[in-house]
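Take a look at the letters that make up each chain.
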Amino acid sequence: MSRVGLRTFIQGWPVYRQLTGTDPLGRGAAAQSDRSARLSARTETADSVARSVCPYCAVGCGQRVYVEDNEVTQIEGDPDSPISRGRLCPKGSASKSLVTSPLRQTKVRYRRPFATEWEDLELDVALDMIADRILAARAQTWEDVDGQGRPLNRTLGISSLGGATLDNEENYLIKKLFTAMGALQIENQARI
Amino acid sequence: MAEAHPVGFQWVMEAKRRGAKVFHVDPRFTRTSALADSYLPIRAGSDIALLGGVVRHILHNELDFREYVLAYTNAATIVSERFVDTEDGDGFFSGFDPETGSYVQDSWQYAGHESDSGSGHTAQERDTAAGLRHESHGAQVGGQTVRDETLQHPRCVYQILKRHFARYTPEMVERVCGIPREKFLELAEAWTANSGRERTGVLIYSVGWTQHSVGVQYIRTGAIIQLLLGNMGRPGGGILALRGHASIQGSTDIPTLFNLLPGYLPMPHHADHPTFDEWVDSIRHPGQKGFWGNARAYAASLLKAYWGDAATPENDFCYGYLPRMTGDHGTYQQVLNMIDGKVRGYFLLGQNPAVGSAHGRAQRLGMANLDWLVVRDLFMIESATFWRNSPEVATGEIVPEQCRTEVFFLPAASHVEKEGTFTQTQRLLQWREKAVDPPGDARSELWFFYHLGLRLREKLAGSELPRDRALLDLAWDYPTHGPHAEPVAEAVLREINGYEVATGRPLSAFAEARDDGSTAVGCWIYCGVYADGVNQAARRRSRHEQDWVAAEWGWAWPANRRILYNRASADPWGRPWSERKRYVWWDPDAGQWTGYDVPDFERTKPPTYRPPEGASGPEGIAGDDPFVMQGDGKGWLYAPSGVLDGPLPTHYEPAESPVRNPLYRQQANPTRKVYAHPVNSVNPSPPQEHSQVFPYVFTVSRLTEHHTAGGMSRTVRPLAELQPEMFVEVSPDLAAEAGLAHLGWAHLVSGRAVIEAKVLVTDRLTPLRVDGQIVHQVWLPYHFGFEGLVTGDSANDLFGITLDPNVLIQESKIGTCDVRPGRRPTGPALLDLVADYQRRAGIVPGHPAPTLTPGALAPPAPADGAGKGRDAS
Amino acid sequence: MPEAEFTSYYGRPILKAPVWKWDIAAYLFTGGLAAGSSLLAAGGQLTGRPALRSAGRVTSLAAVTASTVFLIRDLGRPARFHHMLRVAKPTSPMSVGTWILSAFGPAAGVAAVAEGAAWLPERGLSGLARRVLPPVGHAAGLAAAVTAPALATYTGVLLADTAVPSWHEAYPDLPVIFAGSALASGAGVGLIAAPVAQAGPARRMAVAGAALELYGSHRVETRLGLLSEPYRTGSAGRLLRAGRALTALGVAGALLGRRSRTLSALSGAALLGASVATRFGIFHGGVASARDPKYTVVPQRERLQRRRAAEG
Amino acid sequence: MLPDPHSLSGPLDPAPEAGWTDAPPRMGFFTDTSVCIGCKACEVACKEWNDVPGSGLDLLGMSYDNTGALTANSWRHVAFVEQSRPAGHPAGVAGAGPQFLGMPGAQPPGRAGGAQGRTDFRWLMMSDVCKHCTHAACLDVCPTGSLFRTEFGTVVVQEDICNGCGYCISACPYGVIDQREGDGRAWKCTLCYDRIGAGKTPACAQACPTESIQYGPLDELRERAAARVATLHERGVGEARLYGHDPGDGVGGDGAFFLLLDEPEVYGLPPDPVVTTRDLPKMWKRAGLAALAMAAAAVAAFVGGSS
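Sequence lines, in order, name chains A, B, C and D. Residues in the first sequence are numbered from 1 upward in steps of one, following our numbering. Residues in the second sequence are numbered from 1 upward in steps of one, following our numbering. Residues in the third sequence are numbered from 1 upward in steps of one, following our numbering. Residues in the fourth sequence are numbered from 1 upward in steps of one, following our numbering.
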């Protein structure tokens with residue numbers, strides 16, 4: 001330990017600071033560690049802050065999503081929001097644990113008919129298989145016209161039930177595509 | 001509200017700090033009750049008796065805000081002399097057709113408009129949940145009406161209303177709801193005292209209020225009270241519906257619903273709307289007053305947005321491509337069809353019916369009889385693993401090795417991994433910025449459906465089949481960005497907002513929509529969200545830099561208006577009712593309406609304007625008609641049409657009730673929708689026998705710590721540990737009677753299922769004395785299921801499927817059950833227990849009791865059948 | 001004492017029970033033993049009783065070593081034991097105790113090592129050590145003895161300076177009990193290890209120690225009102241009663257067995273046993289008083305009422 | 001030797017006394033339980049910000065409290081107390097007035113007690129937290145200087161220093177600080193030392209939907225609290241009282257104090273907590289006497305008597 005090193009060690013030693021500083025009892029300034037002195041809120045070192053809205057109920061509380069190294073590091077209330085004034089409920093406050101939950105699925109899973117276990121499946125393959133099944137179901141159950149020759153243009157072989165946590169843009173494309181496909185039986189949580 | 005919308009509840013606390021009195025009515029004492037000034041225990045399912053009592057209190061004591069009521073409601077309008085009220089029809093209005101269990105509404109019309117109802121048999125409107133269409137536009141009624149401004153005419157709405165609720169006395173309220181007279185009077189007196197020029201009151205309900213067989217009529221009664229007391233369209237007044245999902249409002253505005261197209265345009269009906277013109281006229285009702293007059297422009301612009309260049313005036317903008325409804329295609333009918341093997345494929349997009357929908361067993365049996373199921377969700381929810389872990393696997397009804405459903409689970413992006421708008425419960429669109437890319441295979445629905453559409457069009461390229469034209473001609477070319485070719489959400493929002501086809505210029509108001517194909521508008525009520533080419537939903541001007549209306553935060557439909565019908569916040573001459581409640585008023589100098597909010601009135605139409613004879617559309621609205629969407633510009637105390645189960649709310653018992661309807665011979669809502677499918681059943685209610693087999697009333701609702709079916713809270717550690725186990729709340733009295741121990745086990749049996757739960761004995765639930773008998777109520781949270789960090793039985797398994805006639809929402813807030821100590825049986829023994837209860841209760845699955853109570857004298861069907869009695873094919 | 005009427009939050013404790021495990025109670029004993037035996041050793045050293053000196057010194061080192069092991073083992077993060085020397089806080093009895101131990105430990109160590117001087121070979125470096133060690137050991141022995149009373153009694157303050165009701169209320173008596181118990185332990189070592197001839201002082205130390213210990217324990221078990229209850233009931237009660245019995249036996253044996261080597265040794269063992277029992281008894285009594293909210297609420301309610309009455 | 005006559009007990013501005021020259025104003029919490037809706041946003045927000053590990057997954061049957069207490073893994077704890085006082089009990093009027101719950105008229109079956117059904121029902125909710133005492137026993141007794149007084153007057157455990165000696169856990173008169181299983185160190189609320197250092201609001205105070213938890217300079221909070229109690233008393237909420245606000249109390253007043261609607265012990269709070277350090281000087285004196293007695297006894301043992 002060089003002499004300089006020794007001196008800084010001694011000066012860093014709280015007992016020394018007690019004797020020489022303003023905190024003889026060692027209950028405050030003298031006892032503060034380097035780590036505590038350097039402490040800063042992780043929101044201050046975030047790479048970006050996204051202005052978002054809580055995904056849970058329909059009050060629409062504003063959320064700020066802090067991101068660092070491409071990971072969500074904090075989600076808290078947006079103080080500017082006239083609806084929520086920076087506040088959140090227990091669910092909204094748990095948004096970081098929601099989006100980073102270890103239980104979140106990140107891989108496509110596939111269950112073969114009569115199987116007892118899941119298998120993996122490539123996303124692109126799954127998309128293709130689903131498209132084929134839509135067209136097959138649609139073909140098998142298509143109704144051109146009703147009993148009196150009036151147009152029906154539809155299939156009752158496909159159903160859909162959406163949650164109401166989908167974006168308006170998503171609902172718009174879903175409704176547009178299903179309607180063009182003739183799939184009439186699409187529903188969502190607004191009626192449940 | 002403190003339970004399911006806690007952050008919204010800060011405003012109730014703010015009001016309380018300023019001296020507002022807070023009343024909370026709920027079957028159970030909740031965290032909201034803890035902070036309310038006064039709590040009223042109520043028997044679940046008897047809300048109309050309570051609110052009807054308040055209406056009677058207002059009319060009996062003439063406490064209504066008379067100036068407001070006379071000018072802005074249809075109180076003075078005279079109703080047809082053919083109208084017969086439930087008071088004289090023993091629970092039926094005139095026009096009831098026992099065969100179809102629905103009303104012909106001709107006799108309900110205003111005097112002289114009997115032939116205008118155009119409703120014919122409303123059975124078909126019930127199947128198509130037509131009520132939901134009136135979310136944004138009023139029901140139709142002909143031009144001028146006959147009125148008696150003195151409100152003395154026996155058939156003016158005011159007097160009809162008075163007679164209708166005459167028997168809803170404080171004593172009757174106590175008898176039906178179990179609420180002591182003095183508590184009821186405390187509420188009625190406070191509500192009425194807080195009305196008039198200087199003061200307003202707000203009615204807040206959570207969406208559970210709609211989950212009743214008379215759900216829409218609950219809200220109607222609330223609307224009647226708020227109109228009588230002059231609270232509609234005014235600051236600190238109105239009715240606030242607290243929705244449970246982030247964008248439920250968005251999910252009906254841009255509806256992934258079977259009976260609606262964006263902007264509440266109805267899906268075409270195979271019989272009613274064979275052609276584009278008939279379809280448009282059925283929306284616009286030529287000759288009608290009100291803003292629905294330009295429905296043709298909205299319809300044409302929507303089809304233009306769907307089929308782009310292929311949509312031309314000549315081919316009615318590809319109207320022929322639209323699929324047609326033939327009846328009830330609701331989610332519950334679909335589930336029954338799945339059980340019967342009629343449905344091949346099922347998409348679940350962030351929804352968990354195995355726990356969230358009523359009759360969990362039917363939901364799971366339906367899924368077990370599909371060809372394929374696609375589940376897109378953040379977590380491995382119960383609806384994705386029914387084939388392996390569901391209760392039916394335990395009872396042997398679903399054997400994994402024999403379950404043929406092919407299941408695709410595709411991970412979804414969370415709200416911070418995609419950009420887009422939510423529409424919250426006050427119609428406010430708020431844009432979310434994207435924070436990070438979704439992990440692994442997780443994708444947004446935008447990505448999934450856009451690329452699915454591309455894949456489908458690739459596979460159909462070159463097809464000659466007519467049915468494929470709709471897909472091939474679809475305007476399906478959105479710009480994409482990012483590593484996964486994510487469609488640009490703002491491009492979709494621009495299409496929703498609408499644009500001039502030739503120039504691409506975004507429209508700024510739905511008045512700019514044209515019916516000549518020159519404009520394309522994805523959703524006419526959202527027109528303006530991209531005004532001036534700026535994403536108005538992304539505006540985030542801080543609340544500290546604007547006034548309390550905060551108009552520059554996000555964008556509210558329509559036209560960024562924050563309080564609807566705010567013309568009513570000024571008196572008939574356009575002056576604010578009072579300085580204290582000033583909101584929107586007429587500025588004579590500037591010659592236009594002005595105020596804190598976007599006026600809900602044509603800006604330059606003076607209050608003195610009176611429409612010329614025979615005027616229709618917006619011109620037909622007078623200067624003192626604040627309810628611009630209604631056919632007569634007035635607030636409807638009495639609804640001649642648009643509501644299928646009666647122009648006035650009437651107390652009917654829930655489908656499953658231990659109590660005989662004290663007011664009418666007809667026990668429950670005669671127009672409710674019942675399914676006779678073998679999997680479905682309804683517990684017996686008086687006057688049927690064996691109702692005592694299920695002696696207790698149960699109701700379900702939410703806990704603050706969990707979210708709907710639990711998929712986004714039972715999988716999140718900090719929330720799961722706050723409410724870790726399924727429990728049932730019972731009163732000390734019931735615990736004593738049924739031998740239940742605090743923290744011990746109990747199992748609840750209904751006609752459909754048996755579930756178990758830990759027992760919480762609490763004084764927050766109390767037995768109620770109803771009509772001379774003691775009624776015990778138990779409460780259950782409905783968040784639990786068999787997946788996630790914390791699991792439990794699902795409360796919704798107990799419910800059968802009974803829907804309300806107007807919007808086909810299930811009655812899942814009230815049911816009858818038995819409660820027994822100990823855990824439930826497992827394996828096949830569980831089915832034996834349910835079967836035993838069904839046998840003792842006389843339930844024969846597939847054969848529900850008739851909706852008409854035997855002996856209830858239904859009035860003779862109208863002799864002349866004048867209405868356009870089109871029968872449903 | 002009628003069952004006091006009080007409310008609580010579902011019967012749950014208001015305080016957190018001490019998280020110390022049995023090795024802290026054991027340290028109370030070994031710390032006292034180290035102190036007592038170092039006093040014995042110094043006495044032997046100064047009055048020419050080598051048996052007392054060497055037994056005392058060796059036991060003292062063994063006991064202080066055991067103490068260090070117990071203390072470090074009980075830490076949540078044993079590897080950070082040296083953080084104790086980061087500060088010197090008079091408001092923390094444990095900080096003061098650490099510095100006492102830091103002084104006592106080496107002194108006791110050197111004194112004990114000095115005992116081995118006799119076996120060192122004569123020549124060379126070790127020879128030098130043979131000559132230097134005895135006087136150094138002598139000084140170290142005295143140094144240890146001087147700090148011994150502090151080592152024995154600071155632990156009384158350590159327990160008392162907590163929110164644990166029955167420890168805090170007993171602050172006047174815990175140091176006395178621990179001082180007595182330490183003396184008795186030291187005496188016990190002398191009675192066991194030394195020949196009867198040299199054991200006189202050990203016998204007198206035993207009597208003095210027992211007196212202090214019994215006096216303190218008696219006051220703790222009776223003078224604290226409701227807060228004496230935990231010392232009379234349950235495992236604490238049993239341990240303290242056992243301690244009292246063993247102390248009495250030990251003292252009687254020490255006095256009567258003046259000429260019998262085995263009887264002295266037996267009474268020495270009894271005294272050591274008594275010290276262990278008393279230490280564990282006091283430890284368990286305190287922990288019990290933290291677990292039941294009654295011992296927190298009732299005394300505080302009474303204090304409040306007295307103060308409000310005084311304010312009139 | 002003591003920097004201030006009140007160094008060990010009595011009213012004191014702790015940060016300057018602990019050596020912080022030109023310290024910022026003392027910050028703290030005022031928790032107004034009369035507007036607490038028991039939503040537990042504070043518990044979750046605290047855990048999310050501080051990455052506090054999970055606590056148990058079992059139903060405790062203590063109304064809606066499944067957390068149980070302040071622990072090393074729960075630095076905020078919302079208490080729930082369901083009070084169905086018999087009609088006559090002078091419970092005064094709750095924040096929201098006693099709620100009528102009972103049956104109209106006749107006596108419900110199987111229910112002892114008054115003829116009128118259940119009246120005077122109240123549901124008390126309160127978000128409990130570390131009190132950040134003016135005289136913090138945990139801090140005083142900490143032998144490593146891990147617990148220290150920050151410049152804001154708050155009390156914080158420095159996780160890089162704590163060696164898990166456990167002394168603070170026995171010293172805390174409120175039973176707040178706790179040792180974390182598997183980790184060994186002591187943990188408790190830090191009043192978001194990192195956030196307030198960056199000028200932000202502690203996570204729980206920011207999340208609290210009804211501002212039951214208010215953060216700010218302690219003097220301001222004390223004024224606000226006094227005004228709030230006065231308002232509640234005017235509105236007939238007789239039993240609203242402050243707890244931990246008085247610098248003259250046994251711990252010199254708390255940095256996080258409360259407005260309660262019943263006796264403290266109903267919420268699991270000690271009615272008259274006193275910092276143990278107040279008696280420390282007397283304790284050292286007593287130890288000194290015992291030590292002298294011990295020394296004297298030892299000397300006497302060797303000097304007296306020949307054998």
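Hints may be right or wrong, so weigh each one.
In silico lysine to any residue, SDA-like type, Cα no more than 20 angstroms apart, as pairs [claimed, not checked]: (1) B:K459 to B:V488; (2) B:K16 to D:V237; (3) D:K285 to C:A79; (4) C:K21 to C:A79; (5) B:K162 to B:D90; (6) B:K16 to B:D371; (7) D:K200 to A:R51; (8) B:K21 to B:G236; (9) B:K459 to A:R51; (10) B:K342 to A:V145; (11) B:K459 to A:A131; (12) B:K21 to B:K162; (13) B:K459 to A:Q140; (14) D:K200 to A:A41; (15) B:K21 to B:T192; (16) D:K285 to C:L304; (17) D:K282 to D:M62; (18) B:K758 to D:M62; (19) A:K107 to B:D437; (20) D:K200 to A:Q140; (21) B:K162 to B:V84; (22) B:K758 to B:A741; (23) C:K294 to D:E265; (24) C:K294 to C:L304; (25) B:K342 to A:S40; (26) B:K16 to D:M62; (27) A:K107 to A:D128; (28) C:K294 to D:K282.
These are calculated hints, taken from the structure and not from any lab test.
Next item on the list: Please write out, lowest number first, the hints stated earlier that are contradicted by the structure.
Entry: 1, 3, 6, 9, 12, 16, 17, 20, 25, 26, 28
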